[in-house]
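These protein sequences, in sequence, are chains S and R.
For the record, in the first sequence the residue sitting at position 400 is 400 according to our numbering, with numbers rising by one throughout.
Numbering-wise, our numbering comes out as the position in the second sequence, counting from 1, plus 1000.
Simulated from the structure, these hints should not be mistaken for laboratory data.
Since the structure is predicted, the reported quantities are computational estimates derived from the model, not experimental observations.
Keep in mind that the hints are not guaranteed to be accurate.
Listed next, the in silico DSS-like pairs over lysine-lysine satisfying Cα-Cα at most 30 Å (straight line) [claimed, not checked]:
(1) Lys1401(R) to Lys1456(R)
(2) Lys1046(R) to Lys456(S)
(3) Lys354(S) to Lys243(S)
(4) Lys454(S) to Lys1456(R)
(5) Lys1401(R) to Lys274(S)
(6) Lys274(S) to Lys46(S)
(7) Lys274(S) to Lys1404(R)
(8) Lys334(S) to Lys1404(R)
(9) Lys46(S) to Lys1046(R)
(10) Lys1243(R) to Lys1208(R)
(11) Lys406(S) to Lys1334(R)
(12) Lys456(S) to Lys1454(R)
(13) Lys1046(R) to Lys1456(R)
Quick look at which bits of chain S chain R covers, simulated, 3 or more residues with Cβ under 8 Å [claimed, not checked]:
(14) 51-58
(15) 65-71
Here a beta-carbon is modelled for each residue, glycine too, at the ideal position from N, C-alpha and C.
Protein chains: 2
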Amino acid sequence: MIGRGYAPAYLFTKEKGMEKITPRTLSGFMELMPERQVLFDAMVEKLRESFSLYGFTPLDTPVIESAEILLAKAGGETEKQIYRFNKGDSDLCLRFDLTVPLAKYVALHGGELTFPFRRYQIGKVYRGERAQRGRFREFYQADIDIIGDGALGIINEAEIPSIIYRCFHTLGLERFVIRINNRKVLNGLFQILGIGDKAADVMRTIDKIDKIGQEKVFDLLTGETGIPAAAVHHIIDIITCRKNGVDPFDKLGAFRGRNETFDIGLGELSTVVKYMASFGVPASHYEVDLTIARGLDYYTGTVYETTMSDHPEIGSICSGGRYDNLAEYYTDRKLPGVGISIGLTRLFFILEDKGYLNGDILAAPADVLILPMTEELGPAVELATAMRGEGLRVQIYSENKKFKSKVAYADKLKIPFVIFLGEDEIKEGLVTVKNMASGEQTTASPAMITTAVKAKLAEARNGAPIKEPAV
Amino acid sequence: MIGRGYAPAYLFTKEKGMEKITPRTLSGFMELMPERQVLFDAMVEKLRESFSLYGFTPLDTPVIESAEILLAKAGGETEKQIYRFNKGDSDLCLRFDLTVPLAKYVALHGGELTFPFRRYQIGKVYRGERAQRGRFREFYQADIDIIGDGALGIINEAEIPSIIYRCFHTLGLERFVIRINNRKVLNGLFQILGIGDKAADVMRTIDKIDKIGQEKVFDLLTGETGIPAAAVHHIIDIITCRKNGVDPFDKLGAFRGRNETFDIGLGELSTVVKYMASFGVPASHYEVDLTIARGLDYYTGTVYETTMSDHPEIGSICSGGRYDNLAEYYTDRKLPGVGISIGLTRLFFILEDKGYLNGDILAAPADVLILPMTEELGPAVELATAMRGEGLRVQIYSENKKFKSKVAYADKLKIPFVIFLGEDEIKEGLVTVKNMASGEQTTASPAMITTAVKAKLAEARNGAPIKEPAV
Chain S
1 MIGRGYAPAY LFTKEKGMEK ITPRTLSGFM ELMPERQVLF DAMVEKLRES
51 FSLYGFTPLD TPVIESAEIL LAKAGGETEK QIYRFNKGDS DLCLRFDLTV
101 PLAKYVALHG GELTFPFRRY QIGKVYRGER AQRGRFREFY QADIDIIGDG
151 ALGIINEAEI PSIIYRCFHT LGLERFVIRI NNRKVLNGLF QILGIGDKAA
201 DVMRTIDKID KIGQEKVFDL LTGETGIPAA AVHHIIDIIT CRKNGVDPFD
251 KLGAFRGRNE TFDIGLGELS TVVKYMASFG VPASHYEVDL TIARGLDYYT
301 GTVYETTMSD HPEIGSICSG GRYDNLAEYY TDRKLPGVGI SIGLTRLFFI
351 LEDKGYLNGD ILAAPADVLI LPMTEELGPA VELATAMRGE GLRVQIYSEN
401 KKFKSKVAYA DKLKIPFVIF LGEDEIKEGL VTVKNMASGE QTTASPAMIT
451 TAVKAKLAEA RNGAPIKEPA V
Chain R
1001 MIGRGYAPAY LFTKEKGMEK ITPRTLSGFM ELMPERQVLF DAMVEKLRES
1051 FSLYGFTPLD TPVIESAEIL LAKAGGETEK QIYRFNKGDS DLCLRFDLTV
1101 PLAKYVALHG GELTFPFRRY QIGKVYRGER AQRGRFREFY QADIDIIGDG
1151 ALGIINEAEI PSIIYRCFHT LGLERFVIRI NNRKVLNGLF QILGIGDKAA
1201 DVMRTIDKID KIGQEKVFDL LTGETGIPAA AVHHIIDIIT CRKNGVDPFD
1251 KLGAFRGRNE TFDIGLGELS TVVKYMASFG VPASHYEVDL TIARGLDYYT
1301 GTVYETTMSD HPEIGSICSG GRYDNLAEYY TDRKLPGVGI SIGLTRLFFI
1351 LEDKGYLNGD ILAAPADVLI LPMTEELGPA VELATAMRGE GLRVQIYSEN
1401 KKFKSKVAYA DKLKIPFVIF LGEDEIKEGL VTVKNMASGE QTTASPAMIT
1451 TAVKAKLAEA RNGAPIKEPA V
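Construct the complete structure from the given sequences, taking the supplied hints into account.
Set out below in structure tokens:
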């Protein structure tokens, strides 16, 4: 049995007089009203389209994985946030990101995959964070990764910003900047400055410079981390050079030839930037920013962040980078890759909160509402069937209500066209349609009406889910 | 921070020499290889399109709900199957269907919704069933429901079979039959035959007639249920009349005027059938089948099952029916509705198992693979960017491999077109494309190649995910 019928019968056999249970949705779980859901789905669809243009294949992995797999070596704050439970003898977890399941997938099925393996995945992940406004315990991530078998060409790192650009551009966002850096450049630089042994700590601290400011970074590095003030001044002077009107490549050029890692990193960064225009990213939409370090140790090359120009305070809306070893917990096979993530649920929340959602997009559940004016519904049904055959989304409204309520139904749902089908129209083989936006009413043959409605809708459907507010 | 960067660092800082963890996916959890995933996604997309044509709005609800909400009154076998766990102080469950979350949603947000409320939802649900081949613990359901506020016109019940028809037809399945019945007809009939007090038991038993056969049904009804043999003979004679070449309406006509419920039910059944042709369902694809009772008590009117003509042994692949009260656990508001479900994961498994998947559908991750023959990749990148701008899905292959391996990459992934871009072509502003299926090679301007490739692909893309094997 594949259909419905498996739901527990008790749910529908409630005894009379029983206490009602107050319906509620868990806090930290987004549940949208229909119009908003349409916008959210439109965003997902635009991302799918964008990822597909770059040759990524869709993937879907289980939400539940064995704890052993998901927590290969867990501990601390992260594990506390994870939804973990037993079912029978099994120790299970809900996935907390899409990267670990990808690592498992590639390690498990690697023999059947063709490399470089490009996949996208858009799915829900779970983190039991402290509930607060704009933070979600269940949220969609949209990820892409390119995984090489042993090696992966630098052109893939250069391609990623163009995917980021196309994604947001297609969504309707224009005022954003992709910020690029390379961890080898920073690591090499720290080695040149004699603080290579503290590179990871320094990286984590300077990554926070946007949030906590230069002074606090200075205090942390000279204090906790124990780096001489002169070196810290030097580092901050270099990484913030763009702010002082100095091109990062000019600033970095002075260090060339002194450290191999640095030279490789600088070469990679130059290559990435060099191909940016060919990949179609406007110069206005990217910049090399040496303060972008990414907190995580596993990035080994190019790193990316994306900032909304109007709202830098939100932080990055799309980040990622190059890593050397995707799945070392599961396999000896060396699988370097590059990938990015968008936290879609939080992004959607922010877009709504800041007034960036396009309220003009066609979010109605139907294009046409047919109001039969006769008891016999055959003609209305036939008309609906014919229009659906032409790709129109049609509802028949036959509830026993007053005429005004029927029209109000279309109004509330913002259905753009209403067709009145009375005895006269049926006799004459005609149809009367009302354009709900203009109020205009037209009577013509069903075929002509269908063509006219389709043309009107084609215009309305071109909208993007994001519409930036005027500056 | 909305992007990646939140994954636990420990996953990528494994010490050398540590034991590997054997990657595995939990049993009962479907995880598809890329080509199969494309087919699965195509099925989901076709269902979305079909549902949308009937004016259903997409909905997405949390996978996790409070146990109190999900198990309004639980017990027995069902509760054992449910994934239930604590997180902090919260008693939580994973949803086991999409109907209970819908009931909650409508009860919670009913004030903001417009009725009749038509929604579809395609999402994962969880049941910890005993693991066996073809049974899944995590699986997709595709549901539609139409919810009325206090009342709901019969035309909605008549529309459902046309949605079922369109769904499977669009998926590429043709050899199937929608079987329709009405619970009021059965209930009324049982009252007329003097066994009205045992209607629920009789219903549950005759619903199994396809599986266990007439004799076993006879034994159960005369035995356990305690119904006189004569009455059971009578019931079986009526409900199986079609097998004996008797039209169910003729058979039922004799009972008209003897019981109100029966008469109402017969009227509803006639109306549903009457509109079937107007709704575009061919006579070959539906039948009134009085043995369809559905096991669940909550159905109160029309009920539906859908059977693959080649594989009746599989049972129904799409079922549902009319119910009177969707959300009585949560609200006093009377919310009658009608809905159906498709168990998508199991259906996909069966289609694959029985050889019904269309292997000819374009499942490659890209339409075009560009093989740059020069070290400078600018021209290849520009070509890719231009082709993507025209909607083509393009990959650039720049790994350091032998020519043969590069072409093998396209072969393995079944990418239909490969472009070789060497120095000569770049100089002359030309492009050489190879049609991988025919082996044909063409050299022309990028614009002409793009147009030609798009035309070829438009043909290939028209495939449906299901392709029935020859009989």
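Is the Cα-Cα distance between Lys46(S) and Lys1046(R) 30 Å or less?
17 Å, holds
Does the structure keep Lys1243(R) and Lys1208(R) at a Cα separation of 30 Å or less?
16 Å, holds
Does the alpha-carbon distance linking Lys456(S) and Lys1454(R) stay inside the 30 Å limit?
27 Å, holds
Under the criterion that the straight-line Cα-Cα distance not exceed 30 Å, is the pair Lys334(S), Lys1404(R) satisfied?
The hint holds at about 23 Å.
Would you say the segment 65-71 of chain S counts as covered by chain R, given the rule of at least 3 residues with C-beta under 8 Å?
holds (count 4)
Distance restraint between Lys454(S) and Lys1456(R), which requires alpha-carbon spacing of 30 Å or less:
Judged against 30 Å, a Cα distance of about 27 Å means the pair holds.
Can the restraint linking Lys1401(R) and Lys1456(R) be considered satisfied, given a maximum Cα separation of 30 Å?
Status holds; Cα separation ~29 Å.
Under the criterion that the straight-line Cα-Cα distance not exceed 30 Å, is the pair Lys274(S), Lys46(S) satisfied?
Measuring from Cα to Cα gives roughly 27 Å; hence the hint holds.
What's the verdict on Lys1046(R) and Lys1456(R), does the C-alpha distance respect the 30 Å limit or exceed it?
22 Å, holds
Would you mind confirming whether the straight-line C-alpha gap from Lys1401(R) to Lys274(S) stays at or under 30 Å?
Judged against 30 Å, a Cα distance of about 23 Å means the pair holds.
Does Lys1334(R) sit within 30 Å of Lys406(S), going by the straight-line distance between their CA atoms?
With Cα atoms ~20 Å apart, Lys406(S) and Lys1334(R) stay inside 30 Å; holds.
Between Lys354(S) and Lys243(S), does the CA-CA distance stay at or below 30 Å?
27 Å, holds
In summary, this structure violates none of the numbered hints.
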